[in-house]
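Go ahead and model the full structure; you've got the sequences and the hints to work with.
Residues per chain, in single letters:
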Amino acid sequence: MTETFQLNRQQAQAYDDLFVPALFGQWAPQLVDCARVREGQSVLDVACGTGVVARAARDVVEAGRVVGVDLNPAMLEVALAARPDLEWVQGDAEDLPFADAEFDVALCQSALFFFAHPGRALSEMARVIVPGGVVALQTYAPLAEQPAYGPFVELVARHAGPEARDLLGTYWSQGDVHGLRALTSAAGLSLLELRSSLGVAVFPSAAAVADTELRATPIAEQITPENYSRIVADTEDLLGGYADESGAVRLPMRATFVAAFKR
Amino acid sequence: MRIDDDLLAILACPACRAPLRVSGGDGGAAPELLCTGCLRAYPVRDDIPVLLVDQAREPEPPVARADEPPGTEEPADGG
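Residue numbers (my numbering), protein chains in the order written: chain U, 1 to 263; chain C, 1 to 79.
Bear in mind the hints are in silico, worked out from the structure with no lab data behind them. Model, not experiment: these values are computed from the prediction. Honestly, I wouldn't trust all of these hints.
[Said to hold, decoys possible] Computed spacing ranges between beta-carbons, pair by pair: (1) C:Asp5 x U:Ser246: 47 to 53 angstroms; (2) U:Glu236 x C:Pro19: 54 to 60 angstroms; (3) C:Arg45 x U:Ala220: 28 to 34 angstroms; (4) U:His159 x C:Gly37: 34 to 40 angstroms; (5) C:Asp46 x U:Ala101: 26 to 32 angstroms; (6) C:Pro19 x U:Asp237: 57 to 63 angstroms.
[Stated by the list, open to error] Reference listing, derived: stretches of chain C covered by chain U, where coverage requires no fewer than 3 residues with Cβ under 8 angstroms from a Cβ of chain U: (7) 11-21; (8) 35-49.
Every residue, glycine too, gets a C-beta built ideally from N, C-alpha and C.
Spelled out as structure tokens, the structure:
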């Protein structure tokens with residue numbers, strides 16, 4: 001079973017309203033492009049959340065079928081309310097509830113690092129596509145290749161201890177190109193394309209970056225209020241240069257894409 | 001409940017991969033997607049099929065016949 005954080009409907013709506021435009025939306029058309037999705041194809045969006053990739057795929061396939069599958073019912077409620085014209089199913093990426101070879105393309109954006117067994121999820125995606133079909137994944141490059149998040153995580157580790165690297169490390173844990181190639185090969189897929197793309201994550205302020213990241217992990221509860229304030233102040237020094245005139249910070253964020261096909 | 005036949009055709013049981021069929025929904029019982037292989041029943045909530053093994057209703061065990069004392073019935077798996 002895939003590990004997940006459960007959200008209520010309100011949190012899922014906030015995710016769709018705030019995080020999709022600020023973080024995730026930008027990668028969806030790139031993932032669809034990387035997978036060479038064409039008009040008329042059937043596409044599965046694995047761990048679809050509120051369906052940003054499914055919506056981007058629909059723009060290309062037009063009359064083709066688009067199905068989103070996710071573990072979280074609140075995310076799917078928001079997805080269905082926004083796009084009742086697409087199909088939504090609650091299911092686990094590691095035990096996809098679909099028959100073999102029913103899709104031309106399986107896409108998975110910003111989710112591989114949440115799966116307990118990414119290799120099993122890859123094998124499932126390979127199973128449900130037709131021979132000649134494509135699996136395409138989007139993850140984030142490792143912290144060493146992240147110009148803003150790399151130094152930020154080191155800053156937090158200096159104040160909160162080295163275990164902060166693990167607690168803040170989830171998002172960056174599946175971005176190594178060799179690891180992704182090994183995963184797709186083990187699933188019996190052949191490499192089509194590897195792509196590295198620099199995008200941007202938008203936050204209202206540098207302090208909001210620290211606050212958002214610390215509160216997304218147990219770190220916020222483990223450190224003293226004084227330590228928390230020091231991290232926020234140091235983050236403002238570190239990332240303040242990315243602020244625009246309005247004070248919003250636009251952090252460079254490097255994504256990794258891999259597309260592979262089934263022989 | 002709206003489960004499109006086209007969607008039903010591509011769904012499979014996450015436990016055994018057998019096809020599913022719609023069960024109930026026209027009487028008082030809540031509609032479910034019933035696995036034609038392992039007989040697990042999956043709920044449909046807010047028009048979304050919930051195809052998770054840990055949320056499936058397990059098949060009911062075969063009921064022992066009243067005219068037979070316990071322990072004398074044939075093996076249920078039929079070999």
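task = Report the numbers of all earlier hints that the structure fails to satisfy, in ascending order.
result = 4
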